[in-house]
Amino acid sequence: MNITDKNASHLPVFEFLYSLKKFEKVMEFGCGLYSTSFFIRNAKSILSIEQKSKAWFEKISKECGSSSLDIRFIPGEESVRWLKKHKKKYDLIFVDGIVRTDCVNNSFGKAPIIVIHDIGLRAIKLGYLKQIVPNDYAFGFMNISHPSTSLWIKDDDLMKKVKNHKLFHLVKS
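Note that numbering that gives the first Met the number 0 numbers the sequence shown so that position 93 is 92, with each residue one more than the last.
Careful, some of the hints might be misleading.
[Unchecked claim] Pairs of lysine-lysine residues, derived as DSS-like cross-links and limited to a Cα-Cα distance of at most 27 Å, are as follows:
#, residue 1, residue 2
1, K58, K160
2, K21, K83
3, K53, K160
4, K109, K88
5, K20, K51
6, K58, K153
7, K21, K159
8, K160, K21
9, K162, K61
10, K20, K53
11, K53, K21
12, K109, K84
13, K165, K86
14, K43, K159
Hints listed in this document are in silico derivations from the structure and should not be mistaken for laboratory results.
Values in this document were obtained by computation on a predicted structure and should not be read as measured data.
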């Protein structure tokens with residue numbers, strides 16, 4: 000797949016992951032036309048949290064409305080406080096909104112795979128994302144398209160399949 004829109008650069012990663020395993024319960028931070036639509040087509044239950052724009056929340060609600068989609072507007076730091084109290088478990092959590100570091104750090108233990116858009120190894124080395132990764136999660140990134148998409152994986156079977164992909168770069172196991 001040739002992705003020219005950088006806002007859709009995570010789609011090849013999702014297509015690859017879904018070719019390995021079906022993720023039925025998904026939570027995403029930062030709803031979008033591409034990601035939210037993809038999850039509606041491929042998951043049974045999606046909780047989408049828009050953190051930045053009420054207008055964007057309304058647009059996505061209108062354009063992507065589905066009985067499988069629970070879409071909410073919870074701005075910035077308020078969404079992090081909400082996430083800290085939220086105890087539900089998911090098959091996959093996707094982070095593509097604002098306050099990414101806090102969203103990632105508070106998602107560990109809530110899903111066996113956490114996917115974050117626009118963050119690759121260079122960004123992490125430069126300190127753009129200071130995550131606190133538990134020892135039972137492996138970390139790597141996929142350079143299927145630019146910008147790269149990072150993965151934190153706790154699922155051993157999935158990790159064995161993912162790390163064999165020629166464009167996956169394991170950083171921490």
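Hint check:
1. K58 x K160: Status violated; Cα separation ~36 Å.
2. K21 x K83: holds, 26 Å
3. K53 x K160: violated, 39 Å
4. K109 x K88: holds, 5 Å
5. K20 x K51: Judged against 27 Å, a Cα distance of about 31 Å means the pair is violated.
6. K58 x K153: With a Cα-Cα distance of about 34 Å, the restraint between K58 and K153 is violated, given a limit of 27 Å.
7. K21 x K159: Measuring from Cα to Cα gives roughly 16 Å; hence the hint holds.
8. K160 x K21: With a Cα-Cα distance of about 14 Å, the restraint between K160 and K21 holds, given a limit of 27 Å.
9. K162 x K61: Violated, at about 38 Å.
10. K20 x K53: With a Cα-Cα distance of about 33 Å, the restraint between K20 and K53 is violated, given a limit of 27 Å.
11. K53 x K21: Given pair K53, K21 is violated - Cα atoms ~31 Å apart, limit 27 Å.
12. K109 x K84: holds, 11 Å
13. K165 x K86: Given that 27 Å is the threshold and the Cα spacing comes to 35 Å, the pair is violated.
14. K43 x K159: holds, 25 Å
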